[in-house]
Every structure is written in C-alpha cells, then in structure tokens.
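Protein chains in written order, with our numbering: chain A, 1 to 243; chain B, 1 to 243.
One thing to keep in mind: the hints can contain errors.
[Unchecked claim] Only pairs whose alpha carbons sit at most 25 Å apart, straight line, appear in this in silico DSS-like list of lysine-lysine:
1) K241(A) / K59(B)
2) K75(B) / K26(B)
3) K8(A) / K71(B)
4) K8(A) / K59(B)
5) K241(A) / K71(B)
[What the hints assert, rightly or not] Derived DEER-like restraints, expressed as beta-carbon distance ranges:
6) D131(B) / T105(A): 22 to 28 Å
7) R242(A) / R232(B): 51 to 57 Å
8) F115(A) / Q128(B): 35 to 41 Å
9) G106(B) / S16(A): 22 to 28 Å
[Said to hold, decoys possible] So the derived list for chain B, only partly shown, Cβ under 10 Å to chain A, looks like this:
10) T74
11) Y78
12) Y86
13) D88
14) G93
15) I155
16) G213
Keep in mind that the hints were calculated from the coordinates and are not lab data. From a predicted model like this one, the values you see are computed outputs, not experimental measurements. Every residue, glycine too, gets a C-beta built ideally from N, C-alpha and C.
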Amino acid sequence: MSSCTIYKRELASYFSQPTAYAIIVIFLLFSLGFTFTFGQFMDVGDSSLQWTFLFWHPWIYMLLAPAVGMKLWADEQRTGTIELLGTFPVSTWSAIIGKFLAAATVWLLALALTFPIVITVNYLGNPDNGAIFSGYLGSFLVCCTFLAITMLVSACTRDQVVCLIVSVSICVLLMLCGYDPVTRELSKIVSPGILEGIVSFGVWDHFNSLNSGLFRLKDFIWFGSAIFICLLGTSAILSAKRA
Amino acid sequence: MIEVDSLTKQFGTKRAVDALSFTVQKGEVLGFLGPNGAGKSTTMRMITGFIPPTSGEAKVCGISIIDNPSKAKTKIGYLPESAPLYNDMTVVGFLKFCAAIRGLKGTAKNDAVERAIDTCFLSSVASQSIDTLSKGYRHRTCLAQALLHDPEVLILDEPTDGLDPNQKYEVRQLIKRLGKTKAILFSTHILEEVEASCTRAVIVDRGKIVADGTPAELLAQSETGSLTDLFRKVTSSDIEAAA
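All chains should be built: construct the whole structure from the sequences, respecting the hints.
So this is what it looks like as structure tokens:
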C-alpha cells in the first residue's frame, strides 16, 4: 500500500536527520521542565497532571509542531522530488496521509517518552488515570491539528521559513481564541454569542475539556474536522499548483 | 505505445505547448529536440501525468493519462530534467523505496533493484548516501528508478545533461539497447545524440513541431547536410522570439 511505503520513508527520513531527536529532546525538556518550575508540581501536590503538566503542551506544540511539519511539502517542492511523487502511480491523498502519519508518529513518540511523570504521579498519589489518558489524547489531538495546519501551509510555499512563521502564527491565533485572559478582554467588546463562536473556533476550549476528563462528542468532531479540512485543502492546493 | 493528440498547455497568456501530435511505437526511440523553452519538458510532464493538459489527449499503451492516470503511470518510467532524489537516503534505499511504490515486493523487489544497479553501473556507490554522489551518479540513480519496474515506455528528459563524455556514451548505448524492446521518448538539445541513439526525431519550437523524420530524412531536409543548420533554420533564437 503506497501510503504505507511513503509513511515508512518519511519516518526514516525524520530519524536519519537531527530533526526528530531535537524535537523529542526539546519537547521533553520544556514539558517536564515547565511542570517542575512554573507548574510547581511538588508544591501544588495535584496528581491529576491537568494544570501542572498537560496544560503546557498546546503552548509548546504551537511553536514546535510546525518545526516538524514545515519540511513536509516545502522540501519536496524545493528539491523537485514532487515531480517523482507526481509521476509515481500514487494518489496525492496517499502521499498526504503517509506524510501526516509519519509526522504524527514522531510526536506520539515524544509524548510516550513522558511516561516517567505518569509513573511518578501514580507513585506519589492516587490519580484518575482515565482523566490522565483523556488529557494525553487531547494533547495528541492538538498536536495533530497543528501538524495538519502546518501541512496545509507547507503545500503553499517552497520556503520552509515562511511555512514555519505562517503556521506558528495560525496556531498562536487558534490558541488565543479560547484562552481566558483573551476572552475576558473580548467579552467587553463583542456579544456573548459571537464570543462563544470564537471560543469554539479555537483549540483551547476543546483541549481543556479533554484535559479535564470530559469526553464530549463536539470536541472529537472539531479535531476530526479541522484535521480533515486541512488535509483536504492540502490536496486541493497541490493539484491546483500543477494545473 | 505513446500517442499524443493535439496536446496543449496554456500558462496564463503563454501557450507553452500548442496542439502537439505525435506517436512513438514499440522499438522506436524518438528524439525530442528544441531550444530551451520550446515546451519539451512541459510536454513530457503532461504525458507522465505530472501536470494536466489544457486540452488534447495523451495515451500510454492505449491508456489515457487524463482519464486513468494511476494505470497509465504504471506503464511509464520517467526521468525528470532535474534528476530529483531524496538526499537523505542511500542509493539502494532510494531504489527499494521506488520499487515498493511500484508494487514490487520481496525477492522481485530485490532482484529489480539489483538489475537496475547493474544496468546503470551503480554498484560502486550502492550503499552511499545520495547527497555524497557526483552529478553523473545522481543522474544514473534517477535513471535507475525509471527502469525498476521494466516499463514499456520510457520518458527521459535530457538524460545526458551534465554528464562527462564517457557517461554520455554509456547512457546513449543504454537508450539504444533498451529502445529495441520499449518505446522511448527522450529530449535533448545535443544534436549528435540524434544520430547516435534515435530512430526518429522531432524538432519543437515555441510549442509546435517544426520538423519530423528519421535522422537521415532530417539531414536531407537540411541544405548543408548538417542537423545544426536545420535546427537553426527551423527554430528561432531567444532574441527573435522576444521580438
């Protein structure tokens, strides 16, 4: 199956260069570093991981996820290998899925390597592991959404730096949409209905509910749709660029 | 094997390919000559399905590249002009990836890769990383990927570009040998290659065919018996084209 072949190639490519290692190390450093410093993990004594550990993930993703995703299409267009892919008996969609899953796998590995904190919290306290699991799920879904956005931007440009800057900007905007200090300011300007629309549009609200242990259908629909629309958009842009 | 019928490509106001029609049968090697910007690469990209034509039809082994691209692409081996490769892979790794994309598995895949390496004289660099290869080896690696699945049709865009005289000779001999059992279309603006490798040649200028025939017929068309003079007579230079 061609997406599988492309997936394997992309994954090997991430690990044959410093990219994957740098991302994983930096993510672990920041996520766990913030937990013990700003998160005041030891002082707070909260075993849920919701506010001490998982809270930081989306903020880290909004800057780092584009760094993983920015090479996805920009590289192919710059080196010309897009012409190889375009003439292989492989659909654009297979290539998109293969590349997206490879980038998501690198992040899944980074997330999985944070397992010591889960062991720690189970040793020190009595956490609700179901809520921790849903928090991790929310974290991974946020990451995948940001990756999908980056992939869409990557299809628009040959320049990796432009892709990084634009993707980070979009991710920052989506984060701020639902973030409390921002919504508090916005509530003074816009009506409650519009404010609710803005909040639902952003990532924060949907991540937070999963982080709290709530499994709301609308959150999964939001994440699923955002990822699907970005991947579909990527396919449309790549086809349009050649026509 | 290759049937092109009134193939046209318009980029905005510029007509890069203007109602081109020609055929290449099995056992024929068609040389595609023309000045830079004549539309050779664009034509090849349309036949291989990389870019869609504005109008017209292209069929490979009777299969339309527009209506049934995935099936048509399985019949084609394509060497793009820039000989694009994945720099982070080894030669063998890259060829195995291309073979897998072509649907080859297990022993068939390994045999195909070995055969391609032997055919293109890549044995000495097989385990080297692609980014360490010289231009000649890069070209041959890209040519090797076009031969992996033993396609009935070969489309080669400037296959001897940038090669040294020894390498040029080897590639021309290879084209001549493969041409006995396949339909080959290759583009060049090195006129001596026409007499060396082609059974027929077509001269293209500003998107249109301006001369067509066997090397002997083309030489007869030229008053001085020189292909260079015929080329200069039927094509316009950049200065004239701009005027």
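Status of each hint after checking the structure:
1. Straight-line distance between C-alpha atoms of K241(A) and K59(B) comes to about 23 Å, which keeps the hinted pair within the 25 Å bound.
2. Distance check on the hinted pair: K75(B) and K26(B) sit about 13 Å apart at the alpha-carbon level, within 25 Å; holds.
3. For the proposed pair K8(A) and K71(B), the alpha carbon gap of about 24 Å is at most 25 Å, so the pair holds.
4. Only pairs whose Cα atoms come within 25 Å are accepted, and K8(A) paired with K59(B) is rejected, the gap being roughly 32 Å.
5. Taking the CA atoms of K241(A) and K71(B), the gap is about 23 Å. The hint holds against a cut of 25 Å.
6. Evaluation of the 22 to 28 Å hint for D131(B) and T105(A) yields a pass: the beta carbon distance comes to about 24 Å.
7. Range check, R242(A) to R232(B): Cβ separation about 34 Å, and the 51 to 57 Å hint is violated.
8. Judged by the Cβ atoms, the range 35 to 41 Å given for F115(A) and Q128(B) holds: they are separated by roughly 38 Å.
9. The hinted range of 22 to 28 Å is satisfied by G106(B) and S16(A), whose Cβ atoms lie roughly 24 Å apart.
10. The beta carbon of T74(B) is positioned within 10 Å of a beta carbon in chain A (closest approach about 5 Å), and the interface hint is therefore held.
11. Interface restraint check: Y78(B) against chain A, minimum CB-CB distance 5 Å, threshold 10 Å, status holds.
12. At a threshold of 10 Å, the smallest CB-CB gap from Y86(B) to chain A is about 6 Å, leaving the interface hint in force.
13. For D88(B), the suggested interface contact is upheld, since its CB lies about 5 Å from the closest CB of chain A, less than 10 Å.
14. Hint status for G93(B) relative to chain A: holds, with the closest Cβ pair at about 8 Å, below 10 Å.
15. Interface restraint check: I155(B) against chain A, minimum CB-CB distance 9 Å, threshold 10 Å, status holds.
16. Because the closest C-beta pair between G213(B) and chain A is about 29 Å apart, greater than 10 Å, the hint is violated.
In summary, the numbered hints that this structure violates are 4, 7, 16.
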